[in-house]
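**Student:** Given the coordinates of chain A, work out where chains B, C and D should sit on it, guided by the hints.
There are 4 protein chains.
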Amino acid sequence: MKIKQRAALFIILVQLLLAASAAAQVRHEINFPDVLGYKTLKCDFHMHTVFSDGTVWPTVRVDEAWREGLDAISITDHIEYQPHKQDVPPNFARSYEIALPGAKEMNILLIKAAEITRETPPGHFNVLFLQDIDPLNTEDLIDATKAAAAQKGFIFWNHPGWKPEHRGWFDIHTQLYENKLMHGIEVTNGESYYPEAHQWALEKNLTMLGNSDIHQPALESETSADNHRTMTLVFVRERNADALKEALFEGRTAIWFKNQLIGKGKYLEALFKESVRIGKPHHRTKDAVWVTLTNASAVGIEMERVGTQGPEKLTLPPNATSLLKTARAEGTEEIKLSYVVRNFLIAPDKGLPVDLTIDLR
Amino acid sequence: MKIKQRAALFIILVQLLLAASAAAQVRHEINFPDVLGYKTLKCDFHMHTVFSDGTVWPTVRVDEAWREGLDAISITDHIEYQPHKQDVPPNFARSYEIALPGAKEMNILLIKAAEITRETPPGHFNVLFLQDIDPLNTEDLIDATKAAAAQKGFIFWNHPGWKPEHRGWFDIHTQLYENKLMHGIEVTNGESYYPEAHQWALEKNLTMLGNSDIHQPALESETSADNHRTMTLVFVRERNADALKEALFEGRTAIWFKNQLIGKGKYLEALFKESVRIGKPHHRTKDAVWVTLTNASAVGIEMERVGTQGPEKLTLPPNATSLLKTARAEGTEEIKLSYVVRNFLIAPDKGLPVDLTIDLR
Amino acid sequence: MKIKQRAALFIILVQLLLAASAAAQVRHEINFPDVLGYKTLKCDFHMHTVFSDGTVWPTVRVDEAWREGLDAISITDHIEYQPHKQDVPPNFARSYEIALPGAKEMNILLIKAAEITRETPPGHFNVLFLQDIDPLNTEDLIDATKAAAAQKGFIFWNHPGWKPEHRGWFDIHTQLYENKLMHGIEVTNGESYYPEAHQWALEKNLTMLGNSDIHQPALESETSADNHRTMTLVFVRERNADALKEALFEGRTAIWFKNQLIGKGKYLEALFKESVRIGKPHHRTKDAVWVTLTNASAVGIEMERVGTQGPEKLTLPPNATSLLKTARAEGTEEIKLSYVVRNFLIAPDKGLPVDLTIDLR
Amino acid sequence: MKIKQRAALFIILVQLLLAASAAAQVRHEINFPDVLGYKTLKCDFHMHTVFSDGTVWPTVRVDEAWREGLDAISITDHIEYQPHKQDVPPNFARSYEIALPGAKEMNILLIKAAEITRETPPGHFNVLFLQDIDPLNTEDLIDATKAAAAQKGFIFWNHPGWKPEHRGWFDIHTQLYENKLMHGIEVTNGESYYPEAHQWALEKNLTMLGNSDIHQPALESETSADNHRTMTLVFVRERNADALKEALFEGRTAIWFKNQLIGKGKYLEALFKESVRIGKPHHRTKDAVWVTLTNASAVGIEMERVGTQGPEKLTLPPNATSLLKTARAEGTEEIKLSYVVRNFLIAPDKGLPVDLTIDLR
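Chains as they are written, first to last, in the numbering used here: chain A, 22 to 382; chain B, 22 to 382; chain C, 22 to 382; chain D, 22 to 382.
By construction, these hints were calculated from the structure, which means they are not laboratory data. Wrong hints could be hidden among the right ones.
Identical chains share a label here; the pair holds if one copy fits it or two copies do between them.
Unchecked claim - List of simulated lysine-lysine pairs, BS3-like, C-alpha gap at most 30 angstroms:
hint, residue 1, residue 2
1, Lys125, Lys60
2, Lys106, Lys125
3, Lys279, Lys307
4, Lys346, Lys184
Please read all numbers here as calculations on a predicted model, not as lab measurements.
Pulled out of the complex, with its shape left as it was, chain A reads as follows:
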């Protein structure tokens, strides 16, 4: 019997074995509420595999996304930086192709993508929603982004504060921005947050993104407030790639980064309102009232009082219920407590103001 025939035989058996273990994987959903009539998708649009400088086979990225509760991912292998090319000959289409069958089986939206890689400045740029990556493999950055735009790709600037000594908004960025060759910007990447990118995003109406840029295997198998990958929440009309693309171009995003939410005020406010449920007062005395505050989201909420009433600090751990005792004056029908949510950033260093209204009627 020939080696090939022998191999064919146990390919089947080995694959059965792998399928069994893959099926055993469990997914823990990440709780973020739908807002403003949109579904909230949990997304990571920046990650690598052995097809550039990552250390995992593309299927691993889908397995991780399933386990960690993500809805959509894109594998963004570097086009120009191929340190494994001696062993893995460059083929820009392959990481997507290899990951796709598992993505379908696990209902993960897999977006075909690539990373255009230049020194800083101008730096690195991801392009999502590509049909063909090859045309982007060209020397001039403007040419590459034009090739991306020709495919209606969504282009964003990666880790814009990566190299402190070279960081900044340069002419090339203005050129890209004015020619609609840059639609979004990473305000956070992995463990880093870039306040200046946050400011640029607000001023220039660039879509805010936060991604993991993961190269190694993910060490955690479950998402928690204390230990979660940096991700982008995208508010979509439907759970499909077209709606995702529309939402990205329209800037309907927020970022979950080290248990902070970063985004436009209207989205953070909606996330807060849909996440925090204020119970009916279940106990009252002559001068105090007790209510429960349930935080149904995955983010721990940290508030500081800005009004005159309520505890100075109020922490609502994720997926948990907290007890609030507050004073009441005789005859009050409603208590309004004014806070700022310190870890919901509507601008650099600026938390989201909220009111907690307790109905005593």
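**Tutor:** The following block gives chains B, C and D in isolation, referenced to the frame of chain A:
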């Protein structure tokens, strides 16, 4: 300044300090669905304090209940067994009285109760919904239970298999049962399960209970499938003491014990149906189909195939989503997979049969 | 059969049951090295029970100490503040008496103690190593501390920064100090650190203590760097009460507080040297060398470079090995890396300077 | 500027970035005592990468070994089974070559190896300590193992019970065994234990091995008794590849599998004796004595009484201290408690008998 005056001053200050730390406690709800039009309350009707042979002040039992996600508890200090009486003079009313203010603040239903304590046989009996415990402090067991019944108390037999050498259903139990002086029975207590009690409950239509019988402080601050107190789920019309009493007398309960559910088939079936959500098939090939199974309950579900199709074993971890791939024949509109849920016990050693129906249309 | 006889019978049985569960408790030792020829004991000298304003029976404090890896504890129930006295008539000797048998069984050094409780200022004072607490129950603070000193008690000032509006070193403290009626001071208490107390301890050579002041049951069953009770490390000649007393009077202590060590430089330096093992270089290239750094202690060590070589920050997690790569020049026989240990405080805001010496020969 | 030049520039920068994160990895040592004058190495001799059917780059296997506390590993990519060959052209030398630099930096012994892959029977065989894998790529199994033996490779039979319908010891295995072309056997592989292989190993004096056979990234970053990879303990004269090879040929191994130890009685007995420290009795009454039992190893020890004294079951959790109370007769100088360690298997279904001796003098 006198000691008393001095003391009065910092009573206030110390209490403020304690209040602050109590308020910081977080509650993690235990996910069990409401069923058959009833609300599902998580209850523990058997626990002790320093007022009998426990080692905590009564307020601790309320704090624990809040943190662990319980809805209703009763403190059941022994009437006749008072090992701390040298230091804590017997006073049957006190554990309830001391625990009550915190229970109101934390919205825990606190049911006034006591444990009638005799050698085995006949053993120990809890009585719930008492107004006055003192009349139960009488030598004859029948008299004590009659005094309980006169207050419309709900009476159940505790840990009926506690002492293997003396276990069994004796004449005294028949006498209690026939005179409606015993309405329920602990099928599980702490770490123990009593199959014979399970059988008696089914045959005699006794309400099934499972309780912690906790004496020490609770070590865990959060409930999980791997590590949870033994508790009784009660299916009530409303979340109040009257409705709870009605449900107990009518036998609307199930038990959560070491990640097994124990109860009448109709309740376990309803819990299963409301807990497990079968997704729409999100991917199909010519001969296979993929769906998600989401278990929205706190219990890990362990199934074994009894039909011809589907994986031999199917485990649905709590609060998680699992992936199911199953074969499909051409033209099938619906796939029905037949399983038995091994850890949903409708009788000793008898799991709940269920069908998983996948709609392919 | 009479109630008393009946009770006697199952006292035995219930106690057997309790013994079984107590025996099942596991102890995780806290790793701190012995230093300078002394044994290092892990101690907590401030805690409460139902005999003052705590919420646990005294035995619980011993069980907790065993599980969490403590060597010595003292129960310091308030003398003057007895909020449970309606239910638990004051008896200053009882918390010690009740806790003692278990302490002997579990080999926990139990030090008889009490808390003298006055408004702030002067505040609260613990006294350790008492024979009889009753003589301390007197109106005048000086009288009470003299009664304590007459028994050769070790007296320390509790949470000296407790009430910010009244904090400070007052004449009464000078009077106590100069009359040798105050030997030590809590630099930390529970979640609080008092920099001014830290400074006073250094200036006046008061023994530094850090204690839990726990009132509720301990929620954690195992000690970790991330989650540990505030405790005092005492450096003793032998593991017994006399040696402990000697060490306290001689100021041989350090404090473990929120994963910081606080104490005199010589003790912190010795703890560092005995905790951190620098491996032999296991790999070297022309210009770099690799060594392992093993931190055998329970404290996570956080260092910042003050020299010119080595990584800017160096973190050595507890009970773990870290990898260090550092540059080497041709012909070097020894590399010395200079750091300051940020979380080993030898004075307020002043970390411990250390050298890491790598032997290349 | 050309792409190549550009790439060269940020290769350096990207690598710096990766180096930083790699250095941040922490290693938790696995506690197993040295025995009988040998060092105890924690080893895994069976794992895969993208160079056969695994899903990680070879460096990942070294990172995992470091983090999980392993001392020695071998990457055993299939020679004949290369499902990724379209993207990763077969090159048997590469997984070792790529993993080697990191192994040196992290002080992991990396053993060059390969998996000879045939249908079952005869099945799969790993060869360790190879210089050149290419000569093993030959059709006839005997030829391949002879090529391995010519390089003084250590050859063992993998997962001998893998396919239940084809399992068994066939003529081919006798032929390999008698010609010294098979030196060891996997008694456990991943999640599976093969009692018949255990029996064969004992009867034929084959070296017992237990390995992970890991294909996916390791999900856990720290080893615990509850969650550890299947591994082989090897008892070596020195920590180097030659001594490891000698030990394997001489059969000096034990297996840690799902918190059971499997091996020859003399090694398991020595591991027990060096792991369990019996304290001096710290408390005694007229008829009882209390001692601590400290288990300094990573394996949880589960014992059942076979003598007449001591508790029926005795569990010693890993890296923890347990309390033992036992009866003593007046005048006894020594208490001997006889147990069998249920999870130390010296043969299929046969635990290790041990005596616990408590010295009362």
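**Student:** If a hint holds in the structure, say so; if it doesn't, say that too.
**Tutor:** Hint check:
1. Lys125 with Lys60: within (20 angstroms within a copy, 38 angstroms between copies)
2. Lys106 with Lys125: Classified as both; 28 angstroms inside a copy, 23 angstroms across copies.
3. Lys279 with Lys307: neither (42 angstroms within a copy, 39 angstroms between copies)
4. Lys346 with Lys184: Between copies only: 22 angstroms across chains, 48 angstroms inside a chain, cut-off 30 angstroms.
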